[in-house]
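Q: Okay, here's what each chain looks like letter by letter:
Number of protein chains: 2
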Amino acid sequence: MTGIRRSALVASALALALILPAIAQEAAPDFASLEAAQSAANAKPGPRTVPGRAIPVPSTASPQLQAMIAAPYRVPGWNADPKDASAWKELISSRAALAAAAAKAVREKLGVSMEATQIGGVGVFILTPTEIPPANRNRLLVHVHGGGYVFGPGESGTGEAIPMAAFGGFKVISIDYRMPPDFPYPAAMDDAMAVWKEIVKTYDPHNVAIFGSSTGGGMTLAMVLRAKQEGLPLPAAIAPGTPWSDLTETGDTYLTNEWVDNVLVSYNGWLKRAALLYANGHDLKDPQLSPIYGDFSGFPPAILTSGTRDLFLSLTVLTHRKLRRAGVEAELQVFEGMSHAQYYFDPFVPESKEAFTEIARFFDKQLGK
Amino acid sequence: MTGIRRSALVASALALALILPAIAQEAAPDFASLEAAQSAANAKPGPRTVPGRAIPVPSTASPQLQAMIAAPYRVPGWNADPKDASAWKELISSRAALAAAAAKAVREKLGVSMEATQIGGVGVFILTPTEIPPANRNRLLVHVHGGGYVFGPGESGTGEAIPMAAFGGFKVISIDYRMPPDFPYPAAMDDAMAVWKEIVKTYDPHNVAIFGSSTGGGMTLAMVLRAKQEGLPLPAAIAPGTPWSDLTETGDTYLTNEWVDNVLVSYNGWLKRAALLYANGHDLKDPQLSPIYGDFSGFPPAILTSGTRDLFLSLTVLTHRKLRRAGVEAELQVFEGMSHAQYYFDPFVPESKEAFTEIARFFDKQLGK
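Protein sequences appear in the order of chains C and G.
The numbering used here numbers the first residue of the first sequence as 1 and each following residue consecutively.
The numbering used here numbers the first residue of the second sequence as 1 and each following residue consecutively.
The hints are all genuine.
Any copy, or any two copies together, can satisfy a pair, since identical chains are not distinguished.
Restricting the straight-line Cα-Cα distance to at most 20 Å, the calculated cross-link-like pairs of lysine to aspartate or glutamate (EDC-like) are:
1) K365 - E329
2) K272 - D283
3) K322 - E354
4) K83 - E35
5) K272 - E35
6) K369 - D204
7) K272 - D84
8) K83 - D182
9) K353 - E329
10) K228 - D204
11) K369 - E358
12) K104 - E131
The set of hints was computed from the structure by calculation and includes no laboratory data.
Could you put the whole structure together from the sequences, leaning on the hints where they help?
A: Structure, rendered in structure tokens:
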């Protein structure tokens with residue numbers, strides 16, 4: 001790319017970025033001009049050229065979800081670029097402190113108790129709702145948290161396990177697996193599998209499901225792949241939410257929803273850095289890191305969740321399709337306007353409760369008693 | 001909006017539209033500059049500001065689907081603006097001639113025979129596959145075609161019915177309902193219901209499903225609403241594909257996928273004009289025109305289909321969620337990179353066959369014999 005072209009692009013992009021928010025409050029962009037420019041720019045086969053524009057908050061989400069959709073990009077956050085291990089640790093622990101405090105508040109509001117313990121030598125948190133209905137007494141959910149294999153240590157990783165316990169009436173074991181910078185791949189998977197091996201000794205695996213979102217969704221799939229490989233019992237159902245099933249930038253919505261998703265914003269922010277930190281030189285396309293490249297035959301029934309603005313919408317639907325092509329019973333739910341994994345950020349948003357209630361209904365249908 | 005601001009916007013948009021395709025062939029946009037501009041433009045709650053950019057064809061679709069994704073905007077077509085009834089008729093019949101020829105070729109390749117007849121005074125086409133498996137001998141599918149309530153008269157509306165008959169092994173009756181400009185709302189619905197009333201006299205409704213995409217998806221939903229209202233039997237299952245369930249520009253992907261979807265491109269092309277022509281002054285939010293505003297309780301099991309680039313992705317997922325909240329069994333399938341309704345444009349694309357095979361599997365599960 002020549003310097004002149006790049007300057008022109010940046011100038012145009014900046015001009016648009018500055019002008020559009022002001023315009024959006026007054027009137028829609030000039031359609032006739034866009035119509036001509038866009039038709040000209042998309043008159044031949046090739047990449048899709050789209051114009052810069054301001055996209056309003058949809059009226060079709062609940063008011064609470066609308067507020068989440070309207071929220072600014074997560075800054076600092078989406079483009080964090082820690083330069084060394086100590087900078088990573090500082091970022092991880094500052095975010096963990098906030099998330100742990102939020103998790104505590106949610107536990108109290110939803111009446112979920114928490115106990116820290118160890119299973120198979122690995123730290124776990126046991127989340128127990130006020131009441132476990134009789135049908136769920138012998139059932140267990142295993143949770144692997146999200147956070148790009150770097151965020152979510154300790155209590156801060158339990159955010160998603162709490163509404164699942166509360167809305168589903170399930171006992172949940174959330175795995176506090178080791179993470180980079182100190183413990184890159186395969187530490188996280190080794191820990192998750194150590195817990196799984198212990199659990200299937202005391203629970204009938206027909207009564208156990210595994211779930212988790214984002215990185216936790218990828219790990220859920222990778223755990224089933226590894227259990228298959230090692231001849232271990234499989235869970236009776238899984239709920240990989242918006243799974244990070246491909247750690248490379250492969251999948252259409254990595255690009256169509258770039259700059260639209262206000263949670264992850266772009267693959268080329270912290271996300272790519274976390275992928276490389278975790279892989280630690282290992283092939284990103286190894287199915288243990290990017291389970292979309294694995295063999296899904298024999299997988300247990302699955303329910304997948306995403307949103308129309310989710311950077312991982314493609315990963316979710318590609319995973320869903322690949323499960324279906326492998327003959328696996330698999331359901332898909334997609335929420336209007338949602339960016340990445342927003343359904344577990346605040347369990348009091350109506351769409352969040354809906355998402356967890358659907359997953360609970362699916363588990364209830366699939367699990368033995 | 002002031003004239004100066006609008007000029008600046010148009011100049012920027014045009015500059016981007018002209019520059020980006022050239023850049024795309026050389027290198028990715030300059031991420032660091034976009035990162036700064038985008039973070040600044042999205043630092044406060046409000047509309048999402050996105051930059052103009054070139055989005056490559058995803059490697060995650062089949063080669064045949066990749067070719068469809070790479071295709072130019074449908075020009076002339078997406079922004080057609082017929083000025084009077086005779087201009088509409090000319091456009092409709094020129095498109096119909098092409099579509100009818102394509103449908104004939106597909107029938108021959110898939111071994112589906114066609115018979116034109118009338119049911120309840122309404123023209124229909126009966127599509128019959130070479131072989132109907134014993135389980136399907138007493139079953140029937142009723143098809144309502146897409147085309148914005150204006151396109152698809154006669155044989156040209158049978159495109160989607162052919163792969164459904166062939167891949168599912170079902171007898172299909174495709175309704176050639178009346179359309180504008182001569183016959184606006186409610187002629188299309190009156191015709192569809194006249195056929196339905198006759199069919200339930202000779203077929204056990206437990207053995208009958210209704211399906212259709214886009215406008216046909218909206219009509220499928222509206223037929224169930226009207227059957228409920230009139231106390232008629234309901235079908236045993238429905239497959240509203242990427243349903244035009246809201247004729248107003250309501251739904252997030254009307255905007256997030258504007259300029260991305262290369263089939264419809266924008267609500268503000270022919271689509272909006274067709275909505276107004278059909279409604280003929282009637283309220284666009286009447287549930288008979290926009291069934292998303294109707295009461296879905298008591299609906300039969302449904303399977304919905306869309307794509308990640310579909311302008312109607314939001315309409316599809318909003319309809320799916322509303323069905324689920326009404327307690328209806330409802331499945332969702334979303335295909336990578338697909339624009340609006342592309343799964344029925346060419347039944348020889350692997351994802352097309354997959355979509356119809358899933359719908360057939362769903363019907364097989366839901367219908368009596």
